[in-house]
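**Student:** So you can see what is in the structure, the chains are spelled out below.
2 protein chains.
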Amino acid sequence: MFQSFETTASPGQGPARLAALRDVMEREGLDGVIVPRADAHQGEYVAPRDDRLAWLTGFTGSAGWCVALRDRAAVFVDSRYRVQVRAQVAEVFEPVDWPETSLGDWIAGALPAGTVGFDPWLLTVEQKRALEGKLGAITLRAVENPVDRIWEDQPAPPMGKIFAQPEALAGEPHGAKIDRLAASLEGAAAAVLTLPDSIAWLLNIRGSDIPRNPVPHAFALLHADARVTLFVAEAKLADLGDHLGGRVTVAPPEQLLETLAALEGQVRIDPASCPVALAEALADPVEGPDPCLLPKARKTAAELEGARAAHLRDGAAMVRFLAWLDDQPPGSLTEIDVVRRLEAERRATNALRDISFETIAGAGPNGAIVHYRVTEETDRRVAEGELLLVDSGGQYVDGTTDITRTVAIGDPGPEEAAAFTRVLKGMIAVSRLRFPKGLTGRDIDPFARAALWEAGLDYGHGTGHGVGAYLSVHEGPARIARSGTVALEPGMILSNEPGFYREGAFGIRIENLIAVEDAPALQDQTVARMLRFETLTWVPIDTRLVVPALMTGAERDWLNAYHAEVEARIGPLVEGSARDWLSRACQAI
Amino acid sequence: MFQSFETTASPGQGPARLAALRDVMEREGLDGVIVPRADAHQGEYVAPRDDRLAWLTGFTGSAGWCVALRDRAAVFVDSRYRVQVRAQVAEVFEPVDWPETSLGDWIAGALPAGTVGFDPWLLTVEQKRALEGKLGAITLRAVENPVDRIWEDQPAPPMGKIFAQPEALAGEPHGAKIDRLAASLEGAAAAVLTLPDSIAWLLNIRGSDIPRNPVPHAFALLHADARVTLFVAEAKLADLGDHLGGRVTVAPPEQLLETLAALEGQVRIDPASCPVALAEALADPVEGPDPCLLPKARKTAAELEGARAAHLRDGAAMVRFLAWLDDQPPGSLTEIDVVRRLEAERRATNALRDISFETIAGAGPNGAIVHYRVTEETDRRVAEGELLLVDSGGQYVDGTTDITRTVAIGDPGPEEAAAFTRVLKGMIAVSRLRFPKGLTGRDIDPFARAALWEAGLDYGHGTGHGVGAYLSVHEGPARIARSGTVALEPGMILSNEPGFYREGAFGIRIENLIAVEDAPALQDQTVARMLRFETLTWVPIDTRLVVPALMTGAERDWLNAYHAEVEARIGPLVEGSARDWLSRACQAI
Numbered sequence: 001m002f003q004s005f006e007t008t009a010s011p012g013q014g015p016a017r018l019a020a021l022r023d024v025m026e027r028e029g030l031d032g033v034i035v036p037r038a039d040a041h042q043g044e045y046v047a048p049r050d051d052r053l054a055w056l057t058g059f060t061g062s063a064g065w066c067v068a069l070r071d072r073a074a075v076f077v078d079s080r081y082r083v084q085v086r087a088q089v090a091e092v093f094e095p096v097d098w099p100e101t102s103l104g105d106w107i108a109g110a111l112p113a114g115t116v117g118f119d120p121w122l123l124t125v126e127q128k129r130a131l132e133g134k135l136g137a138i139t140l141r142a143v144e145n146p147v148d149r150i151w152e153d154q155p156a157p158p159m160g161k162i163f164a165q166p167e168a169l170a171g172e173p174h175g176a177k178i179d180r181l182a183a184s185l186e187g188a189a190a191a192v193l194t195l196p197d198s199i200a201w202l203l204n205i206r207g208s209d210i211p212r213n214p215v216p217h218a219f220a221l222l223h224a225d226a227r228v229t230l231f232v233a234e235a236k237l238a239d240l241g242d243h244l245g246g247r248v249t250v251a252p253p254e255q256l257l258e259t260l261a262a263l264e265g266q267v268r269i270d271p272a273s274c275p276v277a278l279a280e281a282l283a284d285p286v287e288g289p290d291p292c293l294l295p296k297a298r299k300t301a302a303e304l305e306g307a308r309a310a311h312l313r314d315g316a317a318m319v320r321f322l323a324w325l326d327d328q329p330p331g332s333l334t335e336i337d338v339v340r341r342l343e344a345e346r347r348a349t350n351a352l353r354d355i356s357f358e359t360i361a362g363a364g365p366n367g368a369i370v371h372y373r374v375t376e377e378t379d380r381r382v383a384e385g386e387l388l389l390v391d392s393g394g395q396y397v398d399g400t401t402d403i404t405r406t407v408a409i410g411d412p413g414p415e416e417a418a419a420f421t422r423v424l425k426g427m428i429a430v431s432r433l434r435f436p437k438g439l440t441g442r443d444i445d446p447f448a449r450a451a452l453w454e455a456g457l458d459y460g461h462g463t464g465h466g467v468g469a470y471l472s473v474h475e476g477p478a479r480i481a482r483s484g485t486v487a488l489e490p491g492m493i494l495s496n497e498p499g500f501y502r503e504g505a506f507g508i509r510i511e512n513l514i515a516v517e518d519a520p521a522l523q524d525q526t527v528a529r530m531l532r533f534e535t536l537t538w539v540p541i542d543t544r545l546v547v548p549a550l551m552t553g554a555e556r557d558w559l560n561a562y563h564a565e566v567e568a569r570i571g572p573l574v575e576g577s578a579r580d581w582l583s584r585a586c587q588a589i
Numbered sequence: 001m002f003q004s005f006e007t008t009a010s011p012g013q014g015p016a017r018l019a020a021l022r023d024v025m026e027r028e029g030l031d032g033v034i035v036p037r038a039d040a041h042q043g044e045y046v047a048p049r050d051d052r053l054a055w056l057t058g059f060t061g062s063a064g065w066c067v068a069l070r071d072r073a074a075v076f077v078d079s080r081y082r083v084q085v086r087a088q089v090a091e092v093f094e095p096v097d098w099p100e101t102s103l104g105d106w107i108a109g110a111l112p113a114g115t116v117g118f119d120p121w122l123l124t125v126e127q128k129r130a131l132e133g134k135l136g137a138i139t140l141r142a143v144e145n146p147v148d149r150i151w152e153d154q155p156a157p158p159m160g161k162i163f164a165q166p167e168a169l170a171g172e173p174h175g176a177k178i179d180r181l182a183a184s185l186e187g188a189a190a191a192v193l194t195l196p197d198s199i200a201w202l203l204n205i206r207g208s209d210i211p212r213n214p215v216p217h218a219f220a221l222l223h224a225d226a227r228v229t230l231f232v233a234e235a236k237l238a239d240l241g242d243h244l245g246g247r248v249t250v251a252p253p254e255q256l257l258e259t260l261a262a263l264e265g266q267v268r269i270d271p272a273s274c275p276v277a278l279a280e281a282l283a284d285p286v287e288g289p290d291p292c293l294l295p296k297a298r299k300t301a302a303e304l305e306g307a308r309a310a311h312l313r314d315g316a317a318m319v320r321f322l323a324w325l326d327d328q329p330p331g332s333l334t335e336i337d338v339v340r341r342l343e344a345e346r347r348a349t350n351a352l353r354d355i356s357f358e359t360i361a362g363a364g365p366n367g368a369i370v371h372y373r374v375t376e377e378t379d380r381r382v383a384e385g386e387l388l389l390v391d392s393g394g395q396y397v398d399g400t401t402d403i404t405r406t407v408a409i410g411d412p413g414p415e416e417a418a419a420f421t422r423v424l425k426g427m428i429a430v431s432r433l434r435f436p437k438g439l440t441g442r443d444i445d446p447f448a449r450a451a452l453w454e455a456g457l458d459y460g461h462g463t464g465h466g467v468g469a470y471l472s473v474h475e476g477p478a479r480i481a482r483s484g485t486v487a488l489e490p491g492m493i494l495s496n497e498p499g500f501y502r503e504g505a506f507g508i509r510i511e512n513l514i515a516v517e518d519a520p521a522l523q524d525q526t527v528a529r530m531l532r533f534e535t536l537t538w539v540p541i542d543t544r545l546v547v548p549a550l551m552t553g554a555e556r557d558w559l560n561a562y563h564a565e566v567e568a569r570i571g572p573l574v575e576g577s578a579r580d581w582l583s584r585a586c587q588a589i
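As given, the protein sequences belong to chains Z and L, one line each in that order.
Each residue of the first sequence is one higher than the one before, starting from 1 at the first, in UniProt numbering.
Each residue of the second sequence is one higher than the one before, starting from 1 at the first, in UniProt numbering.
Take the hints with a grain of salt, since some may be wrong.
No copy is singled out in the list; a pair is fine if it fits within one copy or between any two copies.
Unchecked claim - Calculated pairs, SDA-like style, for lysine to any residue (alpha carbon to alpha carbon, straight line, at most 25 Å):
#1 134 <-> 144
#2 437 <-> 481
#3 128 <-> 70
#4 437 <-> 79
#5 134 <-> 106
#6 128 <-> 106
#7 161 <-> 354
#8 437 <-> 261
#9 437 <-> 482
#10 437 <-> 80
#11 437 <-> 503
#12 128 <-> 271
#13 134 <-> 287
#14 437 <-> 368
#15 161 <-> 257
By construction, these hints were calculated from the structure, which means they are not laboratory data.
Make the full structure from the sequences, and use the hints.
**Tutor:** Here it is in structure tokens:
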């Protein structure tokens with residue numbers, strides 16, 4: 001079982017650890033220290049060693065900060081964690097609404113002047129710049145990590161094995177990627193790569209240092225002469241053989257700073273992800289986006305083929321799960337039962353490398369908590385008349401999946417069905433859209449919401465995020481959201497997941513993954529190049545919750561065609577009662 | 001008749017005038033001069049005295065530039081004027097595609113170094129900054145206007161009378177506006193106002209210095225202590241009486257620069273519209289948007305009431321015109337006949353102060369020229385089987401109108417009808433939209449296009465522009481377009497005018513004006529504040545061109561409800577055959 005249901009919060013430890021941290025501040029002459037949740041690689045998941053924020057404060061969310069001053073300490077959390085943080089941290093930590101209140105504003109308000117310490121490996125260039133813009137008379141000082149100095153039994157850095165991603169799945173040899181990207185550096189002598197999924201993609205490798213994302217902790221230098229220096233612990237490479245080849249030099253991570261310091265010419269860093277420690281080691285840094293971001297997002301034909309295969313496999317597991325779920329009497333299951341069964345179905349494929357994130361299974365009011373993760377403490381019986389929202393995904397060697405289905409348990413009421421139908425209309429609107437090349441996710445996002453807006457409803461998250469190819473389930477730079485400023489391009493895989501949440505009552509989300517593709521030209525077409533979305537996810541959508549009168553003919557046609565396709569594709573992969581269930585679930589409305 | 005059909009181009013004069021201009025350059029030691037189309041107030045229309053670009057080059061478009069060097073001269077025109085410019089200017093002027101090629105890039109490419117002269121009254125702060133960013137070793141030098149020095153019979157500045165806009169129509173006394181805006185200056189001692197419609201709105205006055213826009217040429221200073229200094233020729237005020245009141249001081253325009261130079265404290269300028277001459281006169285300029293822009297765009301209840309009344313009056317004139325048009329045998333009219341009749345119908349209201357822009361009446365292929373203005377030379381017979389696109393509007397004391405209808409002459413083909421229906425679907429999608437407060441025009445724009453995109457079609461202009469209250473028919477800052485970054489707010493009047501243009505064949509545009517309003521809260525609404533559009537324009541849409549099978553039920557319902565409302569509102573205002581025609585035109589589909 002990948003997922004655990006433990007409540008790891010231990011608010012009791014906070015006061016003593018905060019006191020120890022203040023001893024360090026005292027010795028160092030600091031008036032405060034900043035403890036981010038992020039590690040040096042700025043990902044969503046951290047290794048146990050890097051889980052400093054949770055160790056110090058008890059707060060276990062996937063994003064956040066602690067700022068400890070001599071007499072006050074704050075934990076900054078975003079809207080997902082406003083309730084959770086209060087249960088997890090002791091009273092010595094004030095919860096602060098972030099990003100509404102920035103760290104810089106809070107510090108400047110709490111401290112007239114002084115010196116605040118930070119670990120330069122854990123703060124990005126942009127984060128430091130934003131802080132400095134707010135701090136006025138307060139100085140930032142780079143220090144050795146203050147938490148590490150008091151964390152006696154801190155785990156060792158992860159030493160997960162690195163393995164090759166087969167070229168047949170990657171679709172491009174890593175030598176060709178290196179050539180292509182080295183030629184894109186626009187005069188820089190090298191680019192610093194700090195994002196593990198960028199390095200994994202570039203070198204066609206995968207790793208196992210953190211849960212859920214199959215990436216290695218490593219840094220790399222991409223040189224303009226098409227060589228790469230990979231800074232990684234040698235032991236992780238034991239099983240890799242000669243995959244890397246002659247153009248990739250492996251160096252111990254301890255040599256990173258001195259190597260950077262010795263580089264001649266301009267060296268490119270991405271200020272959004274590069275740690276301050278690396279930027280400051282360089283003689284002539286120049287800023288630009290990580291050169292892997294866009295090429296990685298444009299999946300190769302082989303990666304798209306892999307994604308299709310992974311989605312059929314994952315879809316069959318989902319269908320077996322949904323058939324089983326439908327067969328259980330309402331009230332007989334808890335959310336944890338649901339999560340266990342779903343993971344078991346995915347494991348039964350014998351191809352599951354990991355789940356792609358912690359399954360969200362929220363029944364009734366828990367469905368309205370957008371990033372709900374069930375624990376032994378919050379576990380809830382799934383009762384008759386409720387909606388059950390299940391958002392989950394798998395990591396397979398050929399692709400990463402992410403799917404949400406909202407299921408009727410027994411007979412939910414008309415409000416639920418009307419809202420479900422509006423969410424579905426939005427999801428169909430995006431699925432059906434043809435649009436000129438050049439549009440960004442911001443231009444697409446409103447189509448997912450218009451049917452909800454009609455009823456005065458909306459949802460507080462973006463419509464879709466990019467998804468990696470056996471990499472991170474949340475992958476930039478494109479997204480379908482008001483913040484989506486990157487033009488959509490063929491090959492990008494995105495989620496399409498509108499929702500609606502009635503606080504304290506129910507939650508609805510319907511999510512397919514979609515891939516951007518060229519739309520074949522139509523007769524008399526005047527737009528030079530049109531794009532559309534290929535659907536990757538093939539799993540029934542609960543038609544018991546659809547109000548046909550709220551749908552247009554074209555929407556009903558889409559839904560019926562989708563279900564016919566689901567049955568045609570998944571039918572041959574499932575048997576017995578699951579096969580029977582599938583036929584019923586795919587009936588036209 | 002406001003509109004004229006003369007071809008004012010006279011390419012023959014260009015070479016001699018360019019030679020005279022080069023004599024000035026020679027005497028001044030200049031390697032080039034910049035001649036913009038704009039005057040010091042950056043509006044769409046200029047007085048004859050300010051029509052320097054047309055006088056020098058022959059080019060009569062409403063936007064553009066000439067750059068004359070010692071041995072080359074270019075006329076920069078945007079996509080609307082690429083064909084027209086070739087017919088209007090002599091060979092000594094090279095047409096340049098603008099803004100694809102910026103003035104700065106062209107000059108830097110043509111001139112290794114040197115000095116280029118410009119009139120600091122005609123270049124904005126932003127325009128000069130953009131130029132300087134490109135010019136490298138080339139220096140810009142402010143000079144007395146070089147065209148004025150060679151234009152012997154240059155007309156005098158306009159001396160149009162200024163008159164008061166009744167408070168009952170403005171909805172807010174100008175004293176209250178001054179108080180409100182003075183309080184918004186954020187620490188600045190004053191703001192420089194250079195846009196005539198800002199000044200006209202602030203002081204509840206209108207003017208008659210230029211065609212189509214009822215505004216005066218004037219400058220003003222809004223002081224933080226809620227006084228205004230109005231720089232305008234005294235003679236224009238002869239009929240105004242004591243409207244301005246004690247808090248507005250009138251000063252001669254000749255005192256503007258010295259007054260600016262004597263100001264103490266920070267003085268706000270809008271770099272997008274403020275002439276360089278004014279900015280450079282100030283000791284301590286600070287940049288910010290013209291403080292009138294947003295308040296002016298948020299129409300008062302009285303202005304909205306006036307707009308409704310103006311649209312009923314204008315709608316009745318349109319209906320009389322359309323009824324007449326339908327009664328003429330195909331092939332019996334030319335585009336000029338159409339324009340004359342429409343203006344005559346508007347004049348017959350006895351309320352028309354001006355047309356709000358030159359009527360666009362394009363038959364067949366001329367309809368595909370988005371900013372077509374018919375002249376004696378281009379005039380075309382409106383033939384059987386063609387579409388006739390008519391885009392027009394009126395200036396009334398209570399409101400500014402702008403409407404486009406595309407009409408079937410005889411029996412156009414199925415391609416025209418299908419495209420018309422898709423354009424209509426987009427126009428209806430915007431009309432029907434409810435959306436959360438905070439969205440910008442960019443978020444709305446895609447809804448107007450999705451039905452066209454479905455068929456691989458699109459249009460190359462924005463979906464809508466702001467419209468003034470008896471002011472400019474094109475008014476910022478909000479617009480429905482990819483460039484629309486301003487949040488829509490209740491009271492804003494916008495056009496909703498999707499289109500489709502098949503080059504060489506036909507053009508379609510359907511345009512209503514709409515006003516943003518609060519949407520009444522619905523049961524179970526979760527969004528704090530929703531907005532919607534009130535329709536202002538009530539004129540039949542040609543249902544002979546609608547393909548019902550391409551419409552959804554909700555779209556047909558909207559169209560039928562719209563026509564029922566048109567008949568109910570306009571029916572009582574028209575008589576005889578126009579009344580009969582209206583009933584037929586408003587029949588449900």
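**Student:** Provide an ascending list of the numbers of those earlier hints which the structure does not satisfy.
**Tutor:** Of the numbered hints, just 8 does not hold.
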